[in-house]
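Q: Dock chain B against chain A, hints included.
Line order of the protein sequences matches chains A and B. Mapped onto this note's numbering, the consecutive letters of the first sequence carry residue numbers 1 to 102. Mapped onto this note's numbering, the consecutive letters of the second sequence carry residue numbers 1 to 419.
Treat the hints as calculated values from the structure; they're not laboratory data. Just so we're clear, the structure is a prediction, and the values are computed from it rather than from any experiment. Among these hints, one or two may not hold up.
Unchecked claim - Not the full set, but computed from the structure, chain B residues with beta-carbon under 7 Å of chain A: (1) A234; (2) P237; (3) D249; (4) Q269; (5) K270; (6) T309; (7) A310; (8) S311; (9) Y314; (10) R315; (11) S322; (12) R345; (13) K349; (14) H383.
What the hints assert, rightly or not - Result set (BS3-like, lysine-lysine): computed pairs, CA atoms no more than 27 Å apart in a straight line: (15) B:K248 <-> A:K60; (16) A:K61 <-> B:K248; (17) A:K27 <-> A:K61.
For every residue, glycine included, the Cβ atom is placed at its ideal position computed from N, Cα and C.
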Amino acid sequence: MSTVQFDVFSGGSVTIDHDICTGCTTKACIPACQAPSLGSVLIAGPDGLPALSVTPEQAKKGACIECLACDLACRSRGAGGLTFRLPMPELDAILAGQSWPS
Amino acid sequence: MAKLLEQVGKQLLRQAGIATPDGRLADSVPQAEEAARDLNGPVALKAQILAGGRGLAGGIRFATTPEEAAHEAAALFGRVIHGRTVERLLVEQCVKINRELYVGIISDAGRRAPAMIVSTAGGMAIEQAIGGHGSASLAIGSIDVLKGAPPYWCLDLIGGLALPGPLLASLANLMSRLYQVYRRYDCNLIEINPLAVTPRGLLALDCRMAIDDDALFRHPELDLARSQEVSDRAPTPLELAAALIDEKDHRGSAHFVQIDPDGELARAQKKISIGFDGVGTGVSMAVMDELVPLGFLPMNFCDTSGNPTASKLYRATRIILSQPGIEGYVFASCLSSQQLDNTARGIIKAFLEIYPGGQPDIPCIFSFRGAWDETAIALMQEHGITASPWVEVLGRDSTEGDLARGFAALHRTWREHRV
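Bound conformation, chain A alone (with noise of 0.2 Å):
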């Protein structure tokens, strides 16, 4: 099964597992994803999983406007497969001798 990557401008990853897709109902991701001007990022593809109707290099460049929509309907109605990696390697590297506060 194939898996949809591609990079975002601020720096960071999508990734979608369509091993996972694949066993989940609703597809959350792809009505929830609101990219204006270009139409959404995400749409069904021809197996009616989400896939990517811009290039990955459009992507990156600004066409997914990392509203975050996509990850949050995952997590929430979809069945896990959609990662949104937004890293902070200095923040972690900062937190790695410091707890979260409570």
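A: For chain B alone, coordinates are given in the frame of chain A:
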């Protein structure tokens, strides 16, 4: 504003043809002694720190021999001046000064143009001159950025000052060169104080430069961190991490500054440290004005406005909530066109990743007021954030006072519950 150290500013001045005293950098006492020996005469040892009032604070010392220079350097290295540790010295040749002048260019927001300021008195006397209490005279002129500041324009500006003719000519030439540096490096401020009139001609004895934050990307050669805008203290690790958010993404802004990084001010004032984020500076100030009398002091100021992406809110929120010791979080929006559903998604993602189920264990209050505010509130409910007993979400009918009082009530209950 990103400030430049004196030594860096002077280097840029020299590249533009503005003379400075002969000098050497020293990172150790032996290097300072060697520099004094090289310079072969009386020297000034100047702490290289980003702080004003350096001379008055003892950050500049003088020596007549290399041995004396070593002694003075030993007294300076490691010394803390205005919160900054002295780790580098500029050892400069002392010069014979006939008189001191002042020349500066600032970005004059009121006139939307650079303003050139020249005073016939420099050094500490500039304060009196600007205050109108001294005998010095001032010349101030707005520069047309399309025409620049050619020497004839500069000469015209200072023609009325009581300065001898030859000095006027060389001063006008220097002013014109100074403007070239101001423009080339996108400065908000460039200042030579004092500008010394010496037997060798005009010499820049000091240099203050500040670069426009939004132009820093144009000057990688300066290797400046965006967060040097926090002025008289070194940026905190969190400020440095936060500065990268805007650096990598121009969509909207996330300005994060720690007002009370270690909570010391809050403890001294017997207040409670909290994390803070606001959509716009105005509403932030208003909410902080309401929070402080109720006993809370934001550990940070953060402005996430200009319709930032949700990913920018995610990163800013993670940084705010990573401040140790905060006893709560306040998010305030103003009535603006900012798309608050995006704002909420970023916050929600951060909460989901920080707290189990996205439900914080510290009191958190949000006001969503503006475009897509109802959607934002619905998202907070949908993703379980509001299921926490320590979360309250206010809508467009709430005021800044409601937000602060709501937080105080929430915090009170939270404290009672902890006990």
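Q: Quick one, is the Y314 of chain B hint okay against chain A at 7 Å, beta carbons?
A: 6 Å, holds
Q: Against chain A, with CB atoms and a cut of 7 Å, does the hint on R315 of chain B hold up?
A: For R315 of chain B, the interface hint holds, since the closest Cβ of chain A sits about 6 Å away, which is under 7 Å.
Q: Hint check: K248 of chain B vs K60 of chain A, CA-CA at most 27 Å. Holds or violated?
A: 13 Å, holds
Q: Min Cβ distance, S311 of chain B to chain A: is it shorter than 7 Å?
A: At 4 Å from the nearest chain A Cβ, S311 of chain B passes the 7 Å test, so the hint holds.
Q: Close enough to count: is the Cβ of S322 of chain B nearer than 7 Å to one in chain A?
A: 6 Å, holds
Q: Close enough to count: is the Cβ of Q269 of chain B nearer than 7 Å to one in chain A?
A: 20 Å, violated
Q: Should the interface hint for A310 of chain B be scored as holding, given a Cβ-Cβ cut-off of 7 Å against chain A?
A: 4 Å, holds
Q: Hint K349 of chain B vs chain A: min CB-CB distance below 7 Å?
A: This interface hint holds because 5 Å falls under the 7 Å limit.
Q: Quick check on the hint: D249 of chain B CB to chain A CB, less than 7 Å?
A: 4 Å, holds
Q: Take a quick look at whether K27 of chain A and K61 of chain A sit within 27 Å of each other, Cα to Cα.
A: Measuring from Cα to Cα gives roughly 25 Å; hence the hint holds.
Q: With a cut-off of 7 Å, does the beta carbon of K270 of chain B approach a beta carbon of chain A closely enough for the hint to hold?
A: Nearest chain A Cβ about 20 Å off; hint violated.
Q: Is the shortest C-beta separation between H383 of chain B and chain A less than 7 Å?
A: 6 Å, holds
Checked against the numbered hints given earlier, the structure breaks hints 1, 4, 5 and satisfies all the rest.
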